[in-house]
Each structure stands twice: as C-alpha cells, then as structure tokens.
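> Here is what each chain is made of, one letter per residue.
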Amino acid sequence: MHETNELDRPADSELLSFWVNGQEYTIDVMFVRELRGWSKSTPLPHAPDFVHGVINLRGNILTVLDLACRLGLRPINATERNVIIVAEIQGKIVGLLVDRVSDIFSIPTNSQQALPDIGSGSGQRFVTAILTIEDRLIRVLDLKAIVNVDAANAA
Amino acid sequence: MSASIAEIRDSFFQECISHLEALQDGLSEIENGTENEETIHEVFRAVHSIKGGAAAFDIVTLVKLAHRFETALEAVRSKQAAPDKKAVKLFLRPCDLLGDLLRLAGTKNSEEPEGFRTCLSELDAYIQNNAESPVKSKSTENAASNAQDRESTSVGIQQAEPIFDIFFEPNSEIFPSGNEPLYVLKSLYELGHVTVTCDTAKIPCLSDLNPENSYLSWKAELLTTCDLAEVKEVFDFVEDLCVLNISERQQAHSHTRNLDLTSNRVTESDSNAEQQPAEPFQITQPDASGRQSSAKASVEKARFESRPPEEIAAPAAKPTVRVDLDRVDLLVNQIGELVINQAVLAQSIATTSLNTDASIFAALEDFSQLASDLQDSVMMIRAQPVKTLFQRMARVVRETSRTTQKDVRLLTEGESTEIDKTVIEGLFDPLTHIIRNAIDHGIECPAERSEYGKPEIGEIHLTARHKSGRVTIEISDDGRGINRSEILRKAKETGLVDQSAKLSISEVDNLLFLPGFSSSNSISNVSGRGVGLDIVRNSIAAMGGRIFVTTTEMKGTVFKIDLPLTLAVQDGLVVEVSHNTHVIPLSNIVETLILKNSDIHLFGSSTKMIKIREKFLPIIDLGAALGYRKRKSHFDGCNVLLIAQEESYFALIVDAIIEQRQVVIKALQNNIGACPGVSGATILGDGKIALILDPIDIVKTTAPQNRFRKEEYSLAG
Numbered sequence: 128m129h130e131t132n133e134l135d136r137p138a139d140s141e142l143l144s145f146w147v148n149g150q151e152y153t154i155d156v157m158f159v160r161e162l163r164g165w166s167k168s169t170p171l172p173h174a175p176d177f178v179h180g181v182i183n184l185r186g187n188i189l190t191v192l193d194l195a196c197r198l199g200l201r202p203i204n205a206t207e208r209n210v211i212i213v214a215e216i217q218g219k220i221v222g223l224l225v226d227r228v229s230d231i232f233s234i235p236t237n238s239q240q241a242l243p244d245i246g247s248g249s250g251q252r253f254v255t256a257i258l259t260i261e262d263r264l265i266r267v268l269d270l271k272a273i274v275n276v277d278a279a280n281a282a
Numbered sequence: 027m028s029a030s031i032a033e034i035r036d037s038f039f040q041e042c043i044s045h046l047e048a049l050q051d052g053l054s055e056i057e058n059g060t061e062n063e064e065t066i067h068e069v070f071r072a073v074h075s076i077k078g079g080a081a082a083f084d085i086v087t088l089v090k091l092a093h094r095f096e097t098a099l100e101a102v103r104s105k106q107a108a109p110d111k112k113a114v115k116l117f118l119r120p121c122d123l124l125g126d127l128l129r130l131a132g133t134k135n136s137e138e139p140e141g142f143r144t145c146l147s148e149l150d151a152y153i154q155n156n157a158e159s160p161v162k163s164k165s166t167e168n169a170a171s172n173a174q175d176r177e178s179t180s181v182g183i184q185q186a187e188p189i190f191d192i193f194f195e196p197n198s199e200i201f202p203s204g205n206e207p208l209y210v211l212k213s214l215y216e217l218g219h220v221t222v223t224c225d226t227a228k229i230p231c232l233s234d235l236n237p238e239n240s241y242l243s244w245k246a247e248l249l250t251t252c253d254l255a256e257v258k259e260v261f262d263f264v265e266d267l268c269v270l271n272i273s274e275r276q277q278a279h280s281h282t283r284n285l286d287l288t289s290n291r292v293t294e295s296d297s298n299a300e301q302q303p304a305e306p307f308q309i310t311q312p313d314a315s316g317r318q319s320s321a322k323a324s325v326e327k328a329r330f331e332s333r334p335p336e337e338i339a340a341p342a343a344k345p346t347v348r349v350d351l352d353r354v355d356l357l358v359n360q361i362g363e364l365v366i367n368q369a370v371l372a373q374s375i376a377t378t379s380l381n382t383d384a385s386i387f388a389a390l391e392d393f394s395q396l397a398s399d400l401q402d403s404v405m406m407i408r409a410q411p412v413k414t415l416f417q418r419m420a421r422v423v424r425e426t427s428r429t430t431q432k433d434v435r436l437l438t439e440g441e442s443t444e445i446d447k448t449v450i451e452g453l454f455d456p457l458t459h460i461i462r463n464a465i466d467h468g469i470e471c472p473a474e475r476s477e478y479g480k481p482e483i484g485e486i487h488l489t490a491r492h493k494s495g496r497v498t499i500e501i502s503d504d505g506r507g508i509n510r511s512e513i514l515r516k517a518k519e520t521g522l523v524d525q526s527a528k529l530s531i532s533e534v535d536n537l538l539f540l541p542g543f544s545s546s547n548s549i550s551n552v553s554g555r556g557v558g559l560d561i562v563r564n565s566i567a568a569m570g571g572r573i574f575v576t577t578t579e580m581k582g583t584v585f586k587i588d589l590p591l592t593l594a595v596q597d598g599l600v601v602e603v604s605h606n607t608h609v610i611p612l613s614n615i616v617e618t619l620i621l622k623n624s625d626i627h628l629f630g631s632s633t634k635m636i637k638i639r640e641k642f643l644p645i646i647d648l649g650a651a652l653g654y655r656k657r658k659s660h661f662d663g664c665n666v667l668l669i670a671q672e673e674s675y676f677a678l679i680v681d682a683i684i685e686q687r688q689v690v691i692k693a694l695q696n697n698i699g700a701c702p703g704v705s706g707a708t709i710l711g712d713g714k715i716a717l718i719l720d721p722i723d724i725v726k727t728t729a730p731q732n733r734f735r736k737e738e739y740s741l742a743g
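One line per chain: the protein sequences are A and B, in this order. With our numbering applied, the first sequence corresponds to residues 128 to 282, in that order. With our numbering applied, the second sequence corresponds to residues 27 to 743, in that order.
Rather than coming from a laboratory, the hints here were simulated on the basis of the structure. Each residue gets a CB set at the ideal place from its N, CA and C atoms; glycine is no exception. Careful: at least some of the hints might be erroneous.
[What the hints assert, rightly or not] Listing some non-contacts, in silico: residues in chain B with all C-beta distances to chain A over 10 Å:
#: 1; residue: Ile366
#: 2; residue: Glu533
#: 3; residue: Ile684
#: 4; residue: Gly713
[To be verified] The list that follows gives simulated cross-link-like pairs (lysine-lysine, DSSO-like), each with its CA atoms no further than 30 Å apart:
#: 5; chain 1: A; residue 1: Lys219; chain 2: B; residue 2: Lys726
#: 6; chain 1: B; residue 1: Lys714; chain 2: A; residue 2: Lys219
#: 7; chain 1: B; residue 1: Lys622; chain 2: B; residue 2: Lys516
Given only the sequences and the hints, what does the whole structure look like? Please build it.
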C-alpha cells in the first residue's frame with residue numbers, strides 16, 4: 128500500500144484564496160479571469176444590497192458583487208486596497224469585491240473536507256467544503272450559487 | 027465533424043438568400059421589361075444553385091420545387107416560351123415558395139408550405155404547354171446558346187456531347203491544404219469519357235526536389251453530357267490552388283477531334299477558339315507569393331484584392347465579405363473603448379503642465395478625428411441595404427393583392443440605403459402591417475378606381491433615404507385616403523378627444539396611432555383602418571424611431587417612418603442626480619424647463635403637481651425614484667424634463683442637465699436579475715459608467731397611479 132497508482136490519484140485542483148471580513152475563502156483558480164484593484168463603481172438603483180455596482184472593464188460593463196454582503200457579512204467599505212476578482216462562470220463574467228487576495232495553492236481534490244452540519248446560516252449555503260492548511264481554515268465557495276442571483280432571490 | 031457540416035449548412039442557407047435575391051431581381055427586371063440576354067440565365071442559375079445545394083442537404087421539398095421551376099424556366103431560356111407578364115407572374119409564386127421552404131428547412135421543418143401543391147401543378151401545366159412549341163434546329167440552337175453563354179458559366183441544352191479540354195496544374199499549396207489531385211482526376215471519370223495525360227517535364231532533379239511540392243500537370247479531354255458548371259464543380263475545392271483552364275468545344279464543330287494529346291495541345295485549343303465561341307473558363311493562382319487573383323465565379327465570394335479592371339471579363343457585383351456578427355460587435359466595442367481612451371488621454375494631457383506645447387494638441391485633435399471616423403466606419407459595417415426588406419415587401423404586396431383581388435404594383439426607391447441590421451429586422455412587421463392595410467383598406471377595387479378616373483392598377487411607393495443622420499422610410503398608396511372629419515368624429519365619440527377641441531390637420535391624422543383607434547369598430551366606411559397602428563407605432567418607437575401619417579381623401583395615405591441609423595448609438599441627455607451621472611434617451615424627452623414655485627400645486631397632503639399650459643402633470647423626483655435620497659421638499663428652480671409616455675406626460679426632476687450627446691449603448695451583464703428603470707449603460711469620456719435610464723419604466727415601478735392621459739395635454743395645447 129505504499130505505492131499509489133498515478134492514474135488513480137485524483138488531479139490536484141488549484142485554488143485562489145482571499146479574505147473577506149476576517150474569514151478566508153477560496154475558489155478554483157480556473158474561474159478567475161483577472162484581479163483588479165478597486166476603482167469607484169457606479170451604483171445600480173434598486174439592485175439588491177450585495178450588488179456593489181458596475182465598473183468599466185475595458186469597454187464592457189462589469190457587475191461587481193460585494194462578496195461580504197453576499198455571504199451575509201457586513202458590507203465592505205471599499206478603498207483602493209480592496210481587490211475585485213473578475214471571475215467567469217457559466218458564460219457570465221462577474222466581479223467579486225473582497226478585502227485582499229492571499230494565496231494560490233494546489234491541493235488534491237479529495238482532501239477537501241465536507242462541511243459539518245451546523246444549520247443553514249445565510250452565508251452557509253455558499254460554502255461547499257472546508258480546507259485546513261497548516262492552521263488556516265479555508266472555506267470553499269460555491270461560485271455558481273454566488274452568481275446565481277435569481278434562484279437565490281426566489282428561495 | 028457535425029460542427030463543420032452545420033457550418034456548411036449555414037453557409038448554404040446564406041448563399042441561398044443571395045440566390046433568392048438574384049432570382050427576385052431578375053424576375054422583376056423581366057417584369058419591368060428591362061431584362062437583357064443575361065437576365066434569364068441569372069434567374070436560371072440562381073434556381074439551379076439552390077437546387078444543387080438543397081440536394082446536397084437532402085431537402086426533398088426544396089429540390090422538388092426547384093427542379094420543376096428550373097424545367098419551366100428552361101422553356102423560357104431556350105426561347106420556346108416568351109418571358110411575358112403572365113410567365114413572370116407564374117414564376118413569382120415558386121420564387122416566394124422557395125423562400126418559404128428555405129426558412130422551413132432552416133428550422134429543420136420538412137412540411138410542405140401552403141400552396142406548394144398548386145404551385146407544382148401550375149408549373150407542370152406551364153411546362154406541358156410549352157413542350158409542344160417548335161424546337162429550333164440543333165445547330166442554330168447550339169450556336170445561339172453558345173453565344174449567350176459567352177460570359178456565363180452555365181450552358182444551354184446539350185444536343186451534342188461537348189468536349190472539354192482541361193488543363194490542371196496544381197501549385198505548391200495543394201498538398202499542404204490536404205487536397206489530392208488523384209481524387210480530383212478520378213472524379214472526372216464519373217462525368218464521362220476521359221483521356222488524361224500527365225506532364226512530368228517540370229520535375230526537377232532529385233537534389234532540388236521538395237517532396238511537399240507538386241511538379242505535375244495534367245491535360246484531360248472529357249467527353250460528357252454534363253455542362254461546364256458541373257465539370258467545374260469537380261475542381262471546386264482546388265480552384266484556388268491550381269492553374270486551371272477548362273475550355274469547351276462542340277463535337278460537331280471540331281473537325282479534327284484529336285485524342286492524341288501532345289504537348290502543343292494548348293495552342294491547338296487556341297486555334298479551336300475561333301470555331302467555338304465559348305471562352306475558356308480560366309482560374310489562375312500563380313503561386314503563393316501573395317498576389318491573389320480571384321475567380322470571377324461567384325459574386326458572394328470574399329475578394330480581398332480584385333484584378334485590375336481590364337482583367338475582369340464582366341462587371342462583377344461589389345465584392346463582399348461575410349463576417350460573423352459577433353466579430354463586428356467586438357470591433358464596435360473595441361473602437362468604442364479607443365474613443366474613450368482618447369478622451370481620457372486628452373483630459374490628462376490638458377491637466378498636465380505640458381499644455382504650452384501646441385503640437386501635442388494638434389496631434390491629439392487628429393487622433394480624436396481619426397477615432398471618431400473609425401467609429402463611424404465600424405458602425406457602417408453593421409449597416410445593410412434595405413433591399414432585402416423591400417423584396418420581402420414586394421411579396422407581401424403580391425400576396426395581399428391576390429387575396430383581395432386587387433391589382434397593385436409596388437414601386438421601390440432607395441433600395442441601397444443602408445440601415446443597421448437590427449433596425450431592418452425590426453422594420454419587417456410594421457411595414458407588412460402598413461402595406462397590408464394600404465392594400466386592404468386604402469386601394470379601391472379596379473372598378474371603383476376606373477370610376478374615379480384612376481388607373482386600374484393601384485400603386486404603392488416604398489422609398490428609403492438618408493436624411494441628416496437618420497433614415498426616412500416612406501410608404502404611400504394612391505388609394506382612397508382616410509376621411510378626416512370621420513376620424514375626428516370617432517375620436518370625440520370615444521372620448522379620446524375633448525368635444526370642444528380644435529385640432530390641426532396633422533394632429534387629426536396622427537390620432538390613428540392612438541390605441542383607442544385600434545378597436546375593430548373604428549371608422550365604418552374604412553373598416554379596420556388603423557387596426558393595430560398603435561402596435562406599429564410602439565415597435566417603431568422601441569427602435570428609437572417615429573412614425574407620422576398624412577392622408578388626403580381620394581388621393582391616398584402616406585406613412586413616414588423616421589429611424590436612427592443604428593441601435594448601437596443613441597442620442598441622450600446627460601443629467602446629474604445625487605452626484606450620479608445618468609443618460610436619458612432624447613426620444614423620451616419632450617422639453618426641458620426650470621420649475622418656478624408658482625407652477626407647483628399641492629394636491630392632498632404631499633402630492634405635488636406641476637401646471638404647464640393649463641394642464642396638471644405629476645412630478646417625479648428622479649433622485650427619490652432611484653432611491654438615492656429622500657424626496658425633495660421644494661422644487662423651486664429645479665431642472666425638469668417633460669417625459670412623454672404613450673398616453674401621458676409627467677415631469678421628471680433632475681439635479682442638473684450636463685449636455686446632450688450621442689452615447690454608445692452597452693448591455694449590462696445581466697446576472698443580477700432585472701434592474702428596473704435601467705435600460706443599459708454607457709461609458710463616458712472620463713471612463714466612468716453612466717446608466718441609461720428608461721424614465722417610463724421608472725414611473726411604472728414607482729408611481730403607477732400618477733399617469734395622465736396624453737391627449738388631455740397634447741390636444742389642449
């Protein structure tokens with residue numbers, strides 16, 4: 128049992144981790160198109176709270192979500208030190224406003240730990256698993272659920 | 027694999043559309059008596075190409091009809107039947123049906139459209155009638171058809187089997203492109219009797235030989251019943267990769283039919299040229315050195331560099347390139363970005379201390395000019411001539427006149443006027459509606475017309491022209507017009523207009539667009555006139571256009587549609603509300619004014635109304651409506667935009683009006699659900715985003731009860 132078959136071992140996934148309101152989260156780096164510093168955005172009237180606004184991404188209008196607010200945390204008071212993660216999922220491009228980006232690391236896919244059942248707080252439905260790396264506890268985000276606003280509003 | 031078949035299928039449908047266009051052009055030329063020798067051949071070729079493509083994709087109904095149509099046309103082409111009015115009328119039916127079938131096939135629907143059977147039997151009857159016509163003697167027939175085919179690639183009836191001399195020399199590109207001359211030559215054998223000789227003279231010595239190049243050339247003599255087009259088809263995939271020379275001679279004319287192919291064969295075929303008028307079809311692609319010469323074959327093929335005029339045998343149609351719309355949109359976006367970038371650059375240069383240097387400003391000025399020229403050119407790429415739309419209208423006229431038993435002719439003008447593709451598509455329904463109305467209710471029946479001293483055939487004029495950066499489309503008929511006093515009476519009766527109101531002539535005419543007039547019980551003697559005209563007006567308004575109508579009793583009715591050139595750019599008023607910049611489309615705004623306290627009246631405890639020209643209108647505070655701030659308590663000195671809604675007006679309060687400008691409309695990445703009141707966004711000169719607002723939607727979502735009926739305002743004013 129000391130030899131592992133190369134083919135059986137699941138591929139590593141590369142993850143990008145970032146901080147939101149003192150908590151570390153992560154998404155698959157394959158979703159990430161680019162990282163940008165925060166710039167003043169245009170607010171959208173009558174939009175849900177978690178919609179931070181729209182910014183000009185090289186001629187395209189990019190909607191930026193306040194990730195903290197989306198996760199049920201206190202809204203981010205954005206400054207130039209904040210980061211917008213431009214992510215693409217299901218053909219949609221969306222910006223995620225976070226406090227700061229911390230790391231890119233690769234881990235075997237099966238080392239993610241299922242989420243313990245702790246009831247369903249408002250932010251909990253967006254977290255699919257948790258990781259522990261050294262002493263850090265990193266939450267794996269369900270990007271689809273984050274972006275899929277219609278379903279969330281209907282629920 | 028299936029993806030590439032789908033691509034080929036797509037391009038087949040696109041080509042069919044241009045074939046149909048050529049077909050309709052040809053038929054209308056014949057109808058107007060402006061045809062020449064070539065016209066009927068063009069018509070025939072168009073049908074033939076559609077048939078060929080349809081057969082390849084196994085679209086049975088299409089092949090069936092095209093084949094029948096082709097046979098009927100053959101009678102005209104071979105001069106057994108005259109292309110008279112009756113024939114053209116008959117041919118227009120299958121022409122329309124081909125269009126229907128293509129649309130059906132495009133949606134993978136294989137059912138037979140309405141009238142398919144009758145059309146087939148009509149064609150059959152025509153073919154039968156003309157089959158017994160005397161046939162000219164073989165030799166003159168051939169000579170005549172050869173003479174006609176001088177420029178064309180298709181060949182008339184083949185009484186004798188012609189011989190094709192083919193010279194085929196692949197260039198160095200043929201192997202890298204994955205083609206194999208062997209298969210090309212093999213497929214020649216399928217056409218008839220072939221003798222092929224290979225010329226190996228150009229093979230270099232082994233040390234100079236590049237194994238990826240082709241050094242061979244072939245000469246073939248083909249005895250076949252096929253026509254030139256079919257022979258040419260064999261070389262379809264390699265025609266750009268070789269020197270190809272196909273010449274045809276009739277067996278009857280070739281006294282010395284020489285099967286012994288020698289190296290001086292080329293000169294021999296030259297000498298044959300005197301006897302046989304058919305010019306050799308020649309495609310040359312000398313090498314890969316970059317000089318591109320193009321085949322004269324198909325007009326819709328992309329040509330990047332055309333030959334000098336003297337080399338072009340016939341005046342070819344303007345060369346065009348088919349491009350994916352997404353790519354054009356990408357270009358539009360990028361150029362928009364360039365324009366913005368230029369503005370940012372200009373702004374930052376202006377704020378630096380460099381500004382004593384004049385040359386940089388001159389350069390900057392040039393840059394800005396170039397950028398805006400570039401933007402205009404790109405917008406023009408999206409533009410298309412209205413011709414296709416007009417052709418579809420010709421069909422609407424034909425069909426409606428058939429069902430109403432009225433003789434109506436459509437005269438078009440300005441077919442080459444170009445409008446944005448989306449606008450053209452959006453115009454189809456409104457125009458159809460107006461034309462149907464005009465024929466059904468406007469134009470009188472022939473007996474009535476001659477009684478009034480009008481020509482029996484009614485006329486509908488359809489014109490398009492550019493006018494100060496917009497497009498005007500005019501639809502006029504010479505029918506009975508609309509009785510104005512009747513309209514007014516009706517409007518007063520239904521309460522759309524105040525009993526005492528005095529309306530100008532144009533105001534009366536435009537009452538037709540009010541929704542109240544769309545009920546079926548409108549004006550009795552022109553029953554149904556105006557049905558759905560409010561829908562027409564709405565769809566035109568949705569494209570940022572306007573529609574007007576003028577009617578003269580007994581003389582006819584004129585509809586005028588005024589449209590923007592493109593939907594990608596909009597005229598808007600840039601306003602500021604609570605430090606946010608917004609754009610309000612100019613088409614919504616009737617006028618702007620500054621409020622005075624004396625205009626404002628209080629209704630109830632807090633509802634405020636504004637009194638403009640003796641009418642009270644609701645006040646909407648834009649800042650409050652968008653949720654930026656609390657409702658203002660006093661409006662003295664505020665800027666107000668008077669917004670027209672379909673049937674009401676309201677006053678929209680903004681903090682400041684900045685400028686009027688054209689804005690490039692960008693869609694919001696629509697992943698945050700609906701955004702009420704916001705129709706899009708644009709990027710301003712400083713790179714910031716301004717939302718484009720839909721004021722009507724804002725009112726609907728904020729204060730639906732505050733709507734006033736428009737005519738109460740407009741008709742009293």
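> Can you confirm whether the C-alpha distance between Lys219 (chain A) and Lys726 (chain B) stays at or below 30 Å?
Given that 30 Å is the threshold and the Cα spacing comes to 29 Å, the pair holds.
> Taking 30 Å as the top limit, are the C-alpha atoms of Lys714 (chain B) and Lys219 (chain A) close enough?
With Cα atoms ~22 Å apart, Lys714 (chain B) and Lys219 (chain A) stay inside 30 Å; holds.
> Hey, Lys622 (chain B) versus Lys516 (chain B), does the alpha-carbon distance stay inside 30 Å?
Not satisfied, since the Cα-Cα distance of roughly 39 Å exceeds 30 Å.
> Hey, does Glu533 (chain B) actually stay past 10 Å from chain A on C-beta?
Correct as stated: the minimum Cβ-Cβ distance to chain A is 37 Å, above 10 Å.
> Does Gly713 (chain B) really sit off the interface, with its C-beta more than 10 Å from all C-beta atoms of chain A?
violated (6 Å)
> Would you assess whether Ile366 (chain B), listed as outside the interface, keeps its beta-carbon beyond 10 Å of every beta-carbon in chain A?
violated (7 Å)
> Beyond 10 Å from every chain A Cβ: check whether that's true for Ile684 (chain B).
Check passes; 15 Å lies beyond 10 Å.
Of the numbered hints listed earlier, those contradicted by the structure are 1, 4, 7.
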